[in-house]
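**Q** Here is how the chains run, residue by residue.
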Amino acid sequence: MTEEVKEIMFREHEEYMINMGPQHPSTHGVLRFEVYLKGEVVTKLVPHCGYIHRGIEKMCEKDTYPQIIHLTDRMDYLSAHINNEAVSLCVENALQVEVPERVKYIRTILAELNRIASHQLWWAAFGMDLGALTTFFYGLRDREKILDIFEESFGSRLLHSFITPGGLMHDVHPNFQKRTKEFIKYFRKKLPEYDQLLTGNVIFQNRTKGIGILSKEDAIAYGITGPSGRASGFSCDIRKKYPYSAYPFVQFEEKLSHEGDSFARYQVRIEEMWESMKIIEQLVDNIPEGDYTAKMKAVLRLPEGEYYQRVETARGELGVYIVSTGEKFPYRIKFRTPNFSNLFIMNKLASGGKIADLIAISGSLDLVIPDIDR
Amino acid sequence: MLTSIIYDFSPLTHRIDQFLSETFSPGWAVTMELVIVGLVFLLFYAVVGLFLVLAERRVCAFIQNRLGPNRVGPEGLLQTIADLLKLLFKELIPIKRADKFLYNLAPFIVIIASFMAIAAIPFAKGLHAIDFNIGIFYVIAVSSLGVVGILLAGWSSNSKYSLIGAMRSGAQIISYELSVALSLLAIVVLSGSMQLSEVIASQESGWWIWRGHLPAFIAFLVYLIASTAEINRGPFDLAEAESELTAGFHTEYSGIKFAFFFLAEYMNMFIVASFATTMFLGGWLPFHIDGWYAFNHMMDFIPPVVWYLGKTAFIIYLIMWFKWTFPRLRIDQLLTLEWKYLLPINLVNILIVAFISWKNWHF
Chain A
1 MTEEVKEIMF
11 REHEEYMINM
21 GPQHPSTHGV
31 LRFEVYLKGE
41 VVTKLVPHCG
51 YIHRGIEKMC
61 EKDTYPQIIH
71 LTDRMDYLSA
81 HINNEAVSLC
91 VENALQVEVP
101 ERVKYIRTIL
111 AELNRIASHQ
121 LWWAAFGMDL
131 GALTTFFYGL
141 RDREKILDIF
151 EESFGSRLLH
161 SFITPGGLMH
171 DVHPNFQKRT
181 KEFIKYFRKK
191 LPEYDQLLTG
201 NVIFQNRTKG
211 IGILSKEDAI
221 AYGITGPSGR
231 ASGFSCDIRK
241 KYPYSAYPFV
251 QFEEKLSHEG
261 DSFARYQVRI
271 EEMWESMKII
281 EQLVDNIPEG
291 DYTAKMKAVL
301 RLPEGEYYQR
311 VETARGELGV
321 YIVSTGEKFP
331 YRIKFRTPNF
341 SNLFIMNKLA
351 SGGKIADLIA
361 ISGSLDLVIP
371 DIDR
Chain B
1001 MLTSIIYDFS
1011 PLTHRIDQFL
1021 SETFSPGWAV
1031 TMELVIVGLV
1041 FLLFYAVVGL
1051 FLVLAERRVC
1061 AFIQNRLGPN
1071 RVGPEGLLQT
1081 IADLLKLLFK
1091 ELIPIKRADK
1101 FLYNLAPFIV
1111 IIASFMAIAA
1121 IPFAKGLHAI
1131 DFNIGIFYVI
1141 AVSSLGVVGI
1151 LLAGWSSNSK
1161 YSLIGAMRSG
1171 AQIISYELSV
1181 ALSLLAIVVL
1191 SGSMQLSEVI
1201 ASQESGWWIW
1211 RGHLPAFIAF
1221 LVYLIASTAE
1231 INRGPFDLAE
1241 AESELTAGFH
1251 TEYSGIKFAF
1261 FFLAEYMNMF
1271 IVASFATTMF
1281 LGGWLPFHID
1291 GWYAFNHMMD
1301 FIPPVVWYLG
1311 KTAFIIYLIM
1321 WFKWTFPRLR
1331 IDQLLTLEWK
1341 YLLPINLVNI
1351 LIVAFISWKN
1361 WHF
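Chain order of the listed sequences is A and B.
For the first sequence, position 198 matches number 198 in the working numbering, and the numbering has no gaps at all.
For the second sequence, position 249 matches number 1249 in the working numbering, and the numbering has no gaps at all.
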């Protein structure tokens, strides 16, 4: 027996470590999992983030409040409107500005459209993670309709920077209402297709049911919010608990599930798309006439103090914490982003499962990497 | 002359044989025949490979609400040739600490295995390179050689992803080999021969998928599932599993060596579909219905090659359809499916088939 062979043979008790990422098709960005394997079974998983850390929080200290909006787009780029709204609400609360009703309605419609678009992309990518490549095109086909509505009103499809402190950048396009209604009508027909293609599939159910079970206690302890938390029975919908914008005026359900596995997370998101459509339908016909922005000063100076505002993005609770010293720049700004909290449950969920389960779990948590790193 | 050749190739091959043996010494004649057959297969291999890659892209585009390649050449027919040229000119990236010899050998083993299997396919009447009396046995033996190449590729490229992919593939192919062989055996029992030409001849009065009652149909389904798994295609493409292992066993291959794996995968699909056609759907025989003489006569006018290619294309479409609609299985589910479901079903099925055959209950 040569030395080399001996070396390999006696190394067997050592762990087999693979680096999943930063370039890997199913980490959805530049995230790295340090995965320790025993055969196919994952024994330990260490997430490494920071590959696209851009120092957004630090940059915010050098920017005025309307400028900060543009940076928040770049955090969770799939719920750009909702991120904008979070900062805007925080600043408005600090300045005690009451925004017009019209703004509230439009903001809520945009946020829900954004949520649907985000869930569509998640559905598309989740199917692809599990090897069903066709879902990607079905998801993107429908997401395109929403992006077209956005493009018509704001000129941009992904990073809108449309919601600003005090209201909106400008008024929405005259076609906005009509096209939103058209989209809802269209998507009500298309959403059942998602179930036909993926939800009922035996292979899909076997791959997701009972995989990555997250208990309610763990969800609360780790701060897992959004659809992932609600799939574990953790009622954490900010839209219900601390309603903001137009949410107090609408009827909708907070979708909960108690299984806590990947399939539950999947179903909660599908249900949320139905709920979002319900919310939009209630609002879109009743957008009041009026100004698209409140009267704001040219330079916004927040009174000295600390301000916190939270909103529900497509992935969970986004908190904005602003410390102001009365300047036109914030002294310190901190974002409590949902994905950062959601990421660190990965070790707990994926350990003991197969490599394929790890992919199913990370897909079902719906991680957006720029939101983790900021 | 030309019209009769389409229906029966044996006069043509006999004439070539006669010409060669009259002109050259017996040894040379055989050598020349071998070279001709080899060249014809090489050409066939390349053309079918190119066509299948395009077909897959068009089929997948059709399923995914897209158009697919339609710019290069008419209807995108030259797209694969353009892709092939690109692959030919690509740099072969050298791998540090790879086992160079095995690394270079692996793609050839994979491609040779598929090449050997193709020799036994009966394309049409008289268009059949080797007609063994143990043809099916030969095909099963040869097609399982490919796994050696895959294992070597994973082992020698000194990559962790590749190794996991290769190990998965080894477990998968060796397991599913059983089901493929057993489901083919069901037809061997019915037709009473392992010679492919005789299997086809035994289907003169009807294809085995109809005549063999339910067991033959079950064998067909099992064959379809198991063979899809054996050629590493979705939903059983665990060896590649691009969302888990980036590209599995061929992660580290580039350029033309990658193209070899790619081509071999498509050729394996073709071979698998060919054997499904030969064993279950009557090979190159036309579709006949008893008593409908006019209809049968009309069907006879369609050349056997067309029948054969049409049936094969149908099976290939089914296999592509699986891939583009189903999610991927997990490795333990894959093995459970084989050892707990397909294999027992198959064993019982073959018993029933043997009983039917013994009692002469089949039509």
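Hints listed in this document are in silico derivations from the structure and should not be mistaken for laboratory results.
None of the values given here were measured: they were computed from a predicted structure.
Among the hints, erroneous ones may be present.
Stated by the list, open to error - Which chain B residues face chain A? A few, computed with CB under 10 Å, are given here:
{"hint": "1", "residue": "Arg1057"}
{"hint": "2", "residue": "Asn1065"}
{"hint": "3", "residue": "Pro1069"}
{"hint": "4", "residue": "Leu1077"}
{"hint": "5", "residue": "Ile1164"}
{"hint": "6", "residue": "Met1167"}
{"hint": "7", "residue": "Arg1211"}
{"hint": "8", "residue": "Ser1243"}
{"hint": "9", "residue": "Thr1325"}
{"hint": "10", "residue": "Phe1326"}
{"hint": "11", "residue": "Arg1328"}
{"hint": "12", "residue": "Leu1329"}
{"hint": "13", "residue": "Gln1333"}
Unchecked claim - Below are the DSS-like pairs computed for lysine-lysine, each with C-alpha atoms no more than 25 Å apart in a straight line:
{"hint": "14", "chain 1": "A", "residue 1": "Lys145", "chain 2": "A", "residue 2": "Lys278"}
{"hint": "15", "chain 1": "A", "residue 1": "Lys44", "chain 2": "B", "residue 2": "Lys1160"}
{"hint": "16", "chain 1": "B", "residue 1": "Lys1160", "chain 2": "A", "residue 2": "Lys354"}
{"hint": "17", "chain 1": "A", "residue 1": "Lys255", "chain 2": "A", "residue 2": "Lys278"}
{"hint": "18", "chain 1": "A", "residue 1": "Lys216", "chain 2": "A", "residue 2": "Lys178"}
{"hint": "19", "chain 1": "A", "residue 1": "Lys278", "chain 2": "A", "residue 2": "Lys178"}
{"hint": "20", "chain 1": "A", "residue 1": "Lys38", "chain 2": "B", "residue 2": "Lys1090"}
{"hint": "21", "chain 1": "A", "residue 1": "Lys241", "chain 2": "A", "residue 2": "Lys58"}
{"hint": "22", "chain 1": "A", "residue 1": "Lys58", "chain 2": "A", "residue 2": "Lys255"}
{"hint": "23", "chain 1": "A", "residue 1": "Lys354", "chain 2": "B", "residue 2": "Lys1359"}
{"hint": "24", "chain 1": "A", "residue 1": "Lys209", "chain 2": "A", "residue 2": "Lys58"}
{"hint": "25", "chain 1": "B", "residue 1": "Lys1340", "chain 2": "A", "residue 2": "Lys209"}
{"hint": "26", "chain 1": "A", "residue 1": "Lys145", "chain 2": "A", "residue 2": "Lys216"}
{"hint": "27", "chain 1": "A", "residue 1": "Lys328", "chain 2": "A", "residue 2": "Lys62"}
{"hint": "28", "chain 1": "B", "residue 1": "Lys1160", "chain 2": "A", "residue 2": "Lys348"}
{"hint": "29", "chain 1": "A", "residue 1": "Lys354", "chain 2": "A", "residue 2": "Lys44"}
{"hint": "30", "chain 1": "A", "residue 1": "Lys278", "chain 2": "A", "residue 2": "Lys241"}
{"hint": "31", "chain 1": "A", "residue 1": "Lys297", "chain 2": "A", "residue 2": "Lys328"}
Ideal Cβ positions, reconstructed from N, Cα and C, are used throughout, including at glycine.
**Q** Taking the hints in turn, state whether each one holds.
**A** Hint check:
1. Arg1057: Violated, because the Cβ-Cβ distance from Arg1057 of chain B to chain A comes to roughly 12 Å (cut-off 10 Å).
2. Asn1065: 6 Å, holds
3. Pro1069: 15 Å, violated
4. Leu1077: 23 Å, violated
5. Ile1164: Hint holds; Ile1164 of chain B Cβ to chain A Cβ min 7 Å, cut 10 Å.
6. Met1167: Since the shortest Cβ distance to chain A is 8 Å, the answer is holds.
7. Arg1211: For Arg1211 of chain B, the interface hint is violated, since the closest Cβ of chain A sits about 31 Å away, which is over 10 Å.
8. Ser1243: 4 Å, holds
9. Thr1325: The hint holds - Thr1325 of chain B has a Cβ within 10 Å of chain A, the shortest such distance being about 6 Å.
10. Phe1326: 6 Å, holds
11. Arg1328: Hint holds; Arg1328 of chain B Cβ to chain A Cβ min 3 Å, cut 10 Å.
12. Leu1329: Cβ of Leu1329 of chain B sits 6 Å from chain A, so the hint holds.
13. Gln1333: 6 Å, holds
14. A:Lys145 <-> A:Lys278: 18 Å, holds
15. A:Lys44 <-> B:Lys1160: The hint holds at about 17 Å.
16. B:Lys1160 <-> A:Lys354: Holds. Lys1160 of chain B to Lys354 of chain A sits at ~15 Å (cutoff 25 Å).
17. A:Lys255 <-> A:Lys278: Distance of about 13 Å is within 25 Å: holds.
18. A:Lys216 <-> A:Lys178: 41 Å, violated
19. A:Lys278 <-> A:Lys178: Distance ~16 Å between Lys278 of chain A and Lys178 of chain A Cα, so the pair holds.
20. A:Lys38 <-> B:Lys1090: Distance of about 36 Å is beyond 25 Å: violated.
21. A:Lys241 <-> A:Lys58: Not satisfied, since the Cα-Cα distance of roughly 30 Å exceeds 25 Å.
22. A:Lys58 <-> A:Lys255: 36 Å, violated
23. A:Lys354 <-> B:Lys1359: The given pair, whose Cα atoms are some 48 Å apart, is violated under the 25 Å limit.
24. A:Lys209 <-> A:Lys58: Answer violated: Lys209 of chain A to Lys58 of chain A is near 42 Å, above 25 Å.
25. B:Lys1340 <-> A:Lys209: With a Cα-Cα distance of about 20 Å, the restraint between Lys1340 of chain B and Lys209 of chain A holds, given a limit of 25 Å.
26. A:Lys145 <-> A:Lys216: Not satisfied, since the Cα-Cα distance of roughly 36 Å exceeds 25 Å.
27. A:Lys328 <-> A:Lys62: 9 Å, holds
28. B:Lys1160 <-> A:Lys348: 23 Å, holds
29. A:Lys354 <-> A:Lys44: With Cα atoms ~11 Å apart, Lys354 of chain A and Lys44 of chain A stay inside 25 Å; holds.
30. A:Lys278 <-> A:Lys241: Holds. Lys278 of chain A to Lys241 of chain A sits at ~18 Å (cutoff 25 Å).
31. A:Lys297 <-> A:Lys328: 11 Å, holds
Of the numbered hints stated above, those contradicted by the structure are hints 1, 3, 4, 7, 18, 20, 21, 22, 23, 24, 26, listed in ascending order.
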